[in-house]
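K.L.:
One-letter residues, chain by chain:
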Amino acid sequence: MGQNFFEIEDVTFKASNINKVNNVTLKIKNEGDIICLLGPSGIGKTTILRTIAGLEKVNSGSISLKNKIISSKNIHVEPENRNISLSFQDNCLFPHYSVLQNIEFGASRNKKSKKLLNSREIIKFLHLDHIVDKFPHQISSGEAQRVSLARSLLSKPDLLLLDEPLSNVDQSFKEEIQVKLKKILTELKITTIIVTHDSYEAFYLGTKCGIILDGQLKQYDDPYNVYHFPNSVEVVNFLNRGILIPAKVTGENSLENEDLGTIKGNFIKHYPKGSNVKLLLQPEDLEHDDKSNLKLEVVDRKFRGTNFIYTLKTLSNLLIPVFVHSHHIHQHEVDEKFGIKRPIHIDHIVCF
Amino acid sequence: MISFVVAIPIVTVFSSFFETTSNYSYILKDTFLYDYIFNSILLLAGVLILTFLIGVGCAYIVSFYKFPAVNFFKWSLILSFAVPAYIYAYSLTAFFENYGTAFSILKGVFGEKDYNSLIPKFDGMIGAIISISFSLFGYVYVLTRASFHYQSQNLIDLGKNLGFSKKKSFFKIILPSARPAIVAGLSLVAMETLSDFGSVSFFGVSTLTTGIYNAWTSFDDLALANRLSFYLLIFILGLFILENLSRKKAQYHTPVKENIKSKPLVLLTGYKSFLAFSFCFFIFLISFLFPVLQMLYWTIIFPKHFMDLNIIKLLFNTILLVVLSSLVLIFLAFVSNYGSRVSKSKLLEILTTFSISGYAIPGVILAVAFISFISWFDNNIVSLLEIKTIKPIFIGSILGLVFVYFIRFYSLACNGIKSGYLKINYSIDESSYLLGYSKLKTFTNIHLPYLKNSVLLIGILISIEIIKELPITLIMRPFNFETFATTAYIYASQDLLEAAAAPSLFLIAIASFFILVTSRYILKD
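Protein chains in written order, with the working numbering: chain R, 915 to 1266; chain F, 15 to 539.
For the record, the hints were derived by calculation from the structure and aren't laboratory data.
Just so you know, not all the hints are guaranteed correct.
[Unchecked claim] Sample of chain F residues at the chain R side, in silico, Cβ under 7 angstroms:
hint: 1; residue: Ser441
hint: 2; residue: Leu449
hint: 3; residue: Thr458
hint: 4; residue: Leu462
[Stated by the list, open to error] Think about it this way: if two alpha-carbon atoms lie no more than 25 angstroms apart in a straight line, the pair counts; the simulated BS3-like pairs of lysine-lysine are:
hint: 5; chain 1: R; residue 1: Lys1048; chain 2: R; residue 2: Lys980
hint: 6; chain 1: F; residue 1: Lys437; chain 2: R; residue 2: Lys934
hint: 7; chain 1: R; residue 1: Lys1048; chain 2: F; residue 2: Lys121
Think of the CB as a built atom: it goes at the ideal place given N, C-alpha and C, for glycine as much as any other residue.
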């Protein structure tokens, strides 16, 4: 056991005696770090949180918090004695207590905690002022989620676990709450593990991100690295932020694709000259240029507010996404030709 | 432990096949046994048909139509629960007998004549069927009304879209979708009918239940009583399985309450409105007002009996039984449900399910089987330990009475607490643990405050049942210990119906009060 704040050492997570995620090792070095776990539905993310919280037992490996083992084959610290708080995805407010009583329910746990935080501040920052006297059945699911979050924060836990904390929150509040949540967690140094299906949320909030696929923790890294340097084809497919196209390595810094021609850049991992590889092409890798002689057909255009994502079809029927700023001088319609700037240069080349 | 206690009567009844019975069993086999079985089936069929017609009819009218006093009828029709079948039987006889109340009314209105030949007589099997039906139709009414109430408006709209007439919609859509609730209600009625002792014995109808009582009291043959109980148990087991199956279906059919689109009620006018009002008023009159007024009439014209009644003592005895039994039942129902919830043990869950089976066993069987068991235990186990007899502790004592009440009504308490617990998502407990609350603190801070209404409701329902309960109290009570129910029965069995009026009236008044307090919950769930 090292000097990490929190550590999962070779644990297989089970729910109803079915292995969900196998042999996970995950370390949180510093108090106050925020970890985001991403993965498809039903893969076992919630099982991981429930096990860390002590609601499920482990049969192999160990989980330790502040250098003390809290779960292993022989040790199981009861949930109420772990000082770990879990905010459930579904509404788990106490139905017979008002919103304020719900929020203050766990406040007595850590009276001596240095993490000064009072209910009034939390209520204000989560925009709950207008519903404090209401009962859970009188509020919306988004409001209930924020109340649950407030209750967990106020209990000042050593480790905060959030299961899809903002999935029901209105889009208009979501970004503001993300910003404030990150601020409060960082300022109060509340170590947090967040499960989410929203990769943008994970990339923004997380100090590190874990990708869970096929019963394994596939990648655990900084958000930037997870996005730009995915370590497997499965992670690329899961994040769905680019495509893999066939290419041939032609030099130390170049590849050749039959539709796009020569592509230059810095390889993350080197391959021998002449190797056939799959090149990861993300929307921001290609640049638009009306004057270019490399023209591809537009098959779809998605407006995303700040940008457009054009889907272009190559001669060999590959569908390539290209990012264009939404203030770009003109737009291209479906079936029109779309120019790609040459020579193509990609800052970091990821191949498989 | 609870399952073990509940198992006592079942095991005792089954073990009766290894015991020898008196000659009475052979006489019975050749003479009355088939009568017992035939009468039980006839009684059951009559009651089921009548309760179906009254219960479903009332539920349909108050659920789908708007007419004067409809809201009053919605809750007042359940007041029939307050009138036990045996008290209804006394009223029926008192009103229609020769020179009875009906005779007095006709004489008062039309002068002296011989009206006795004109007044119909409701005695024997017909009297028993009417008494039990008007006392029990509430089960079918309450469950069917709840089913109609939560029936999706979309279903009815669908019928309209398909061009169904109102009649066709009723028979093709409304009734089939309420079928599980109706079957569940009828199953309860069936079990209560087969358990009935007071009214059938009053009308002299020989059923398996009265046979059990007679075998024990008149022929002092406990083994035969248990053997007869076995036949009745087999009968009831079949009904119990049917009821369980229909409940499973009922869950399947029950729509999510939050998504209910409220049904617009059809406003009735003219003669249709009058007919709907008259039907509901007639049922309310016959099921509740009639026995109450009859008992009130007699209490007023025979004040001596009222004066002779030791009301304080009867009230104290009744309340003592109610409070003791409710406390024991609720406490143990909490222990078993909480244990089952926290441990998540499948074995505990199976045992809990088994322990509610006492509800299906008639009071007479429970009491007789319990006495048999204590006698066996006393003769075979206690005597080995060289301790004096334990019979006085359990037989003819408050403790024994509460014990048997416990077996009989445990399902009411257990299911009540269980349905309250089902409304608390398990992750609410987990949230509490994760906020630093222990299991005990979670129980006191979350479960108890949340379930307090359920507990109150269950307490009142148990109270209503115990106030009305007759055979167990009659068999198990200590010497000279009377309740309103036993006092009424004893007077009635001595043909002193006018003396039975005052205790019956008190019984109905107390039960009605409790029903009114809980009517909102009864109609809701």
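K.L.:
Hint by hint, note whether the structure agrees.
P.N.:
Verification of the supplied hints:
Hint status for F:Ser441: holds, given a least beta-carbon distance of 5 angstroms to chain R, under 7 angstroms. About 3 angstroms separates the beta-carbon of F:Leu449 from the nearest beta-carbon of chain R, less than 7 angstroms, and the hint is met. The restraint placing F:Thr458 at the interface with chain R is violated, with a minimum CB-CB distance near 13 angstroms, outside the 7 angstroms limit. This hint is violated: F:Leu462 has a C-beta 10 angstroms from the nearest C-beta of chain R, more than the 7 angstroms allowed.
Distance restraint check for R:Lys1048 and R:Lys980: the Cα-Cα separation of roughly 38 angstroms exceeds the 25 angstroms cut-off, and the hinted pair is therefore not satisfied. For a cut-off of 25 angstroms, the pair hint linking F:Lys437 to R:Lys934 is broken: about 29 angstroms separates their Cα positions. A C-alpha spacing of about 65 angstroms is found between R:Lys1048 and F:Lys121, which places the hinted pair above 25 angstroms, so the restraint is violated.
Checked against the numbered hints above, the structure breaks hints 3, 4, 5, 6 and 7 and satisfies the rest.
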